[in-house]
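Build the full structure now, drawing on both the sequences and the hints.
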Amino acid sequence: MIAETKLILGDAMVYAGAFASLALAALGSAFGTGLGSASAIGAWKKCYVQKRPAPFQLVILCGVPLSQTIYGMILMFLIIQYGHAAVWPVYVCMGILGGIGIGASAWYQGQSCAAACDAFGDTGEGFTNYLMVLGIVETVAIFVLAFGIVVVMTLDKALTPAALNQMLEQVQTAAESIKPIAVAK
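If you use my numbering, the sequence shown closes out at 185, no skipped numbers anywhere.
Think of the hints as simulated: they come from the structure by calculation, not from any bench.
None of these values were measured; they are calculated from a predicted model.
No residue lacks a Cβ here, since even glycine has one placed at the ideal position from N, Cα and C.
Among these hints, one or two may not hold up.
[Stated by the list, open to error] When the alpha-carbon atoms are kept at most 20 angstroms apart in a straight line, the in silico EDC-like pairs for lysine to aspartate or glutamate are as follows:
(1) K51 <-> D122
(2) K157 <-> D11
(3) K46 <-> D118
(4) K51 <-> D118
(5) K45 <-> D122
(6) K45 <-> E125
(7) K45 <-> D118
(8) K46 <-> D122
(9) K51 <-> E125
(10) K46 <-> E125
[To be verified] Label-pair ranges, simulated between beta-carbon atoms:
(11) A158 <-> I41: 49 to 57 angstroms
(12) K46 <-> P89: 46 to 54 angstroms
(13) K157 <-> S177: 25 to 33 angstroms
(14) Q111 <-> E176: 48 to 56 angstroms
(15) I178 <-> A115: 53 to 61 angstroms
(16) F143 <-> D122: 29 to 37 angstroms
(17) A158 <-> I136: 32 to 40 angstroms
(18) I41 <-> L164: 51 to 59 angstroms
(19) A16 <-> I41: 31 to 39 angstroms
(20) A16 <-> D156: 16 to 24 angstroms
(21) M153 <-> E176: 29 to 37 angstroms
Have a look at this one:
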């Protein structure tokens, strides 16, 4: 009974870690797109005041941090597919830390997007250069995802059915060795 409870808890925690990767990445994307969007609006306002056309490319710049949500989603799906209840703390840590790393990339990319929107709104030049710099910031999120994939796949190969059965036997033995404590009334 206790081993079954541990498996149910372990499964639930794997899902919690998986969703944490998506949620934290999306949080960074929300902050990043919010920063970029606010700057795009300010740049457009300057254009309108100066009676210049408002560049549509600012929409592209402020949307760049959205891709990190996709990276968080990919990490979530990997954890759900390959996660093992027996070692759920690994997947919880991976989801939280991976999500933070991906989300931080999106947040700081949004700050760079804001600067790019301001610069492009003023000059109408340098769009390709700005996208290249934003790609450098995004590389951090890609690294987190790539190394997360390596960890998930390595752990999946290490957790053979025999190794998982041995872990479950150890949990069961430990659970059976715990004696209830009588409480005086």
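Hints and how they fare:
Distance restraint check for K51 and D122: the Cα-Cα separation of roughly 12 angstroms lies within the 20 angstroms cut-off, and the hinted pair is therefore satisfied. Restraint check: the Cα-Cα separation between K157 and D11 comes to about 19 angstroms, which is no more than 20 angstroms; the hinted pair holds. About 9 angstroms separates the Cα atoms of K46 and D118, which keeps this hinted pair within 20 angstroms; it holds. For the hint linking K51 to D118, the alpha-carbon distance of about 17 angstroms falls within 20 angstroms, and the restraint holds.
Taking the CA atoms of K45 and D122, the gap is near 11 angstroms; set against the 20 angstroms cutoff, the hint holds. About 18 angstroms separates the Cα atoms of K45 and E125, which keeps this hinted pair within 20 angstroms; it holds. Distance restraint check for K45 and D118: the Cα-Cα separation of roughly 11 angstroms lies within the 20 angstroms cut-off, and the hinted pair is therefore satisfied. Of the pairs offered as hints, the one joining K46 and D122 holds, with about 8 angstroms between alpha carbons and a cut-off of 20 angstroms not exceeded.
With a C-alpha separation of about 18 angstroms, the suggested pairing of K51 with E125 holds against the 20 angstroms cut-off. Distance hint between K46 and E125 is fulfilled; the C-alpha atoms sit about 16 angstroms from each other, no more than 20 angstroms. Between A158 and I41 the beta carbons are some 50 angstroms apart, a value that agrees with the proposed interval 49 to 57 angstroms. Between K46 and P89 the beta carbon distance is about 51 angstroms. The supplied range of 46 to 54 angstroms therefore holds.
Between K157 and S177 the beta carbon distance is about 31 angstroms. The supplied range of 25 to 33 angstroms therefore holds. For Q111 and E176, the hinted distance range of 48 to 56 angstroms is satisfied, since their beta carbons lie about 55 angstroms from each other. Restraint check, I178 to A115: a C-beta distance of roughly 58 angstroms satisfies the suggested window 53 to 61 angstroms. Taken as a hint, the range 29 to 37 angstroms holds for the pair F143 and D122, whose Cβ atoms sit roughly 32 angstroms apart.
Our hint of 32 to 40 angstroms for A158 and I136 holds, since their Cβ atoms are close to 34 angstroms apart. In this structure, I41 and L164 meet the distance hint of 51 to 59 angstroms, their C-beta atoms being roughly 53 angstroms apart. About 37 angstroms separates the C-beta atoms of A16 and I41, a value consistent with the hinted range of 31 to 39 angstroms. Between A16 and D156, the C-beta spacing of about 19 angstroms keeps the proposed range 16 to 24 angstroms intact.
In this structure the supplied range 29 to 37 angstroms holds for M153 paired with E176, their Cβ-Cβ distance being about 34 angstroms.
The structure is consistent with each of the numbered hints, conforming to all of them.
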